[in-house]
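Student: For reference, the chains in residue letters:
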Amino acid sequence: SQQGEEDPQALSIQEGENATMNCSYKTSINNLQWYRQNSGRGLVHLILIRSNEREKHSGRLRVTLDTSKKSSSLLITASRAADTASYFCATDHNTNAGKSTFGDGTTLTVKP
Amino acid sequence: EPEVTQTPSHQVTQMGQEVILRCVPISNHLYFYWYRQILGQKVEFLVSFYNNEISEKSEIFDDQFSVERPDGSNFTLKIRSTKLEDSAMYFCARADRVGTEAFFGQGTRLTVV
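Residue numbers (our numbering), protein chains in the order written: chain L, 1 to 112; chain F, 1 to 113.
No lab work stands behind these hints, which were simulated from the structure alone.
In this text, a Cβ means the ideal position worked out from N, Cα and C, and glycines have one as well.
Be aware that one or more of the hints could be misleading.
[What the hints assert, rightly or not] Among chain L residues calculated to face chain F with C-beta under 8 Å, some are:
| hint | residue |
| --- | --- |
| 1 | N31 |
| 2 | R41 |
| 3 | F88 |
| 4 | D92 |
| 5 | G98 |
| 6 | K99 |
| 7 | S100 |
| 8 | T101 |
| 9 | F102 |
| 10 | G103 |
For reference, chain L alone in the conformation it holds in the complex (with noise of 0.2 Å):
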């Protein structure tokens, strides 16, 4: 399996609901980006936790990081029906270069 796995594959909830999609990798890291990506769009970066950070919040969005379990986990609150898009981690594993190893994704359909 690779780095940036996420799960689940595809969630669908109601509308006001919350969403939580994990993420998991292998090897060590610098931070840990989450990207929200619309339809046959561009990706819209959401939030970055660092290595050293265990939580990190910004507006509905929740991110928490466990390092020793390789792990991290985007909860969107009160979700809106326009939160529908496919969710992707993307992992910085201390390379100079600051490339991303991005997961498979979590597509989340939120239903009005």
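Use these hints to put chain F onto chain L, whose structure you have.
Tutor: Only chain F this time, still in chain L's reference frame:
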């Protein structure tokens, strides 16, 4: 206003032709990246570019590919002899420095026929 502008948004080319994808970062930053996403697959790293040099490249980035920043502004990805399997979305990204947020453009959808 987007952090990074990519042109064209969509390009169709015949197999064997050369294509040049362009990226114009709004701000004057040093770190640039190209990624691609084949339809339905994950985003894959192609190359990173710093201080007018390639700093890292993936196995995908073979001799068919090249990057340059010819005028200190535009950042280009050239694919010399396109193959059907080069059909994908190509994303340019920039970062202030290593270890910070990477901001992506809207992508160029390349279709090789």
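Student: For each hint given before, does the structure comply? Return the numbers of the non-compliant ones in rising order.
Tutor: none
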